[in-house]
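**Q** What follows is the residue order along each chain.
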Amino acid sequence: MARVGAVIVGVAVLAAVFGPWLAPYDPAAQELALRLEGPTGLHWFGLDELGRDIFARILSGARISLLVGLVVVGVSSTIGILLGSVAGYVGGRIDEVISRAIDILLAFPGLLLAIAMVAVLGPSLTNVVLALSLIGWVGYARLVRGQVLRSREFDFVQAARALGATTPRILARHIIPTTLPAVSVQATLGMGGAILAEAALSFLGLGVQPPTPSWGTMLNYGRGHLLDAPHLTVFPGLAIAILVLGFNFLGDGLRDALDPATRGRRT
Amino acid sequence: MLRYLARRLLLTIPVLLGVVTLVFSLIHFIPGDPAQAMLGETAAQEDVDALRQRLGLDRPLLEQYGSYVRELLRGDLGTSLRTSQSVTEAIVERLPATLELAAAAMLVSIGFSIPLGIVAAVRRGTVVDHAATTLALLGISIPNFWLGPLLALVFAVELGWLPVSGRGTVAHLVLPAISLGAALAAILARMTRASLLEELREPYVQAARARGASRGRAVMRHAFRNSLIPVVTLVGLQFGAVLTGAIITETIFAWPGIGRLLIQSIGFRDYPLVQGCILFIAVTYVGMNLLTDLIYGVLDPRIRYE
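From first to last, the protein sequence lines stand for chains A and B. Take 39 as the starting number for the first sequence in the numbering used here and just add one per residue. Take 226 as the starting number for the second sequence in the numbering used here and just add one per residue.
Chain A extracted, bound-state conformation:
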């Protein structure tokens, strides 16, 4: 399954990078006379309400989805690793403050807080990325804190401390590397989560704004044409589901490969 996931993600990355050259049409070009036309030999996924080629827009949307996923996962995992490792290693008051912040943010269902933030900041791609990153770090921080609490007792960490290594050095050279396998699994699954969250926000009209092609926004517009042009709903949704499935397959496979305890017994 992990291989299937890798292939799906690989194809999506290729589509995102080479999309503009692969797409048979400009994603913004309009053929109003053919608006809402279903799939044909010329327009594989049909045309939308403004006569734009849906296949070209899906290729272009892959770029937005992957970009959101990468930035959100990059920012939130960096913040999460830093705060989680400091909380776990230093302990005391700092741990208290960080842990309470984690508790409070975890008290909100993730998407709700993102909706709240985008509602006040205004709908845009930047605000979606900002909101998802500010919420996403919590999961990484909690994971890393737990890992650090365990690994700070390892002999090699004690040895580094005895040799006079500074706290930042111990964290950077010895502690944080031990957390990376678990973080990489979470990051892979987090890519799927971020892509899904961006699509959900865009679907609700709170995310990427037209004319930028986002899969969620395309689905939102498709809703109004469920009766006369269902292809507007089918293809963007299929793209989201397949890409998220790809990241989930990959994340599950990575977890099995990195954690000997779960190897051979899928959960």
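The set of hints was computed from the structure by calculation and includes no laboratory data. Heads up, some of the hints might be wrong.
A few chain A residues that face chain B, going by a derived Cβ cut-off under 10 Å, partial list only [to be verified]:
| hint | residue |
| --- | --- |
| 1 | V45 |
| 2 | V47 |
| 3 | V51 |
| 4 | L151 |
| 5 | A157 |
| 6 | V272 |
What follows is a set of in silico ranges between Cβ atoms, one per label pair, in the way DEER data are often shown [stated by the list, open to error]:
| hint | chain 1 | residue 1 | chain 2 | residue 2 | range |
| --- | --- | --- | --- | --- | --- |
| 7 | B | A275 | A | G160 | 22 to 28 Å |
| 8 | B | T267 | A | T204 | 37 to 43 Å |
| 9 | A | E87 | B | T308 | 28 to 34 Å |
| 10 | A | F56 | B | E318 | 48 to 54 Å |
| 11 | B | I238 | A | P77 | 53 to 59 Å |
| 12 | B | G336 | A | E87 | 36 to 42 Å |
Model, not experiment: these values are computed from the prediction. We put the beta carbon where it would ideally sit given N, CA and C, even for glycine.
On the provided structure of chain A, position chain B as indicated by the hints.
**A** Just chain B now, with coordinates in the frame of chain A:
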């Protein structure tokens, strides 16, 4: 048990305070003048000033916070800018619809996932198991904002079996409940399978078999009962996801619940109503998590003594 209960309740207080503070501060994150943002760029200055005064935005921040908390404690969530209705009343009016949808979605997901998880665990490694786990993974990956319209397309538009939107009869509930419950069903099926597999390895299950219990009895009477502990916990913890999912499902199916109210109020920049809905959903989520922990404490005595 009482000590566990008291400790768990005490731990909830700072979390609730944090949630209230965060929701209060939302309005202050609005870029520029919040009153102007609510009324729009073309609003007259005197209207903006009047709104600022009405919302208390002209007072010092701490004073605003103090009065926000005091009003909350009296059950007053403010007044809708658009309809002048009390936010608490607006939420209470929509609450039955959201609860009905959430309960139906949970029922659908539990009814589907537990048998699926059991079959996958008992027939581990077979085609049935692979099919069940793939189905579960599909359920997690398919977004409800796609599944909802697809279900509507097939069962309402093409087949005409069920209504496409609105609330009223049981038929109206079917598509929204399936659409909202599918992801939870997938997660629960995976957890049931994993948890039952763990229990099936335990010596007491082998002992039951050795004493002559049939395979079915060993699974259902012994292993399955114990495997339910993490599943019950997950059901409670996932309630928040169901509430958030309801925001999307209610929007798709024009279901008159709190989620739809939230999205509509965002569209109208009715921030007191936005704050009220968010606070209500978050506090319900915290309450459900607390309840789940308490039930977990009752089900598994080891937790209480940790």
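**Q** If a hint holds in the structure, say so; if it does not, say that too.
**A** Evaluated hints:
no., hint, verdict
1, V45, "15 Å, violated"
2, V47, "13 Å, violated"
3, V51, "18 Å, violated"
4, L151, "8 Å, holds"
5, A157, "4 Å, holds"
6, V272, "7 Å, holds"
7, A275(B) <-> G160(A): 22 to 28 Å, "24 Å, holds"
8, T267(B) <-> T204(A): 37 to 43 Å, "58 Å, violated"
9, E87(A) <-> T308(B): 28 to 34 Å, "32 Å, holds"
10, F56(A) <-> E318(B): 48 to 54 Å, "52 Å, holds"
11, I238(B) <-> P77(A): 53 to 59 Å, "57 Å, holds"
12, G336(B) <-> E87(A): 36 to 42 Å, "39 Å, holds"
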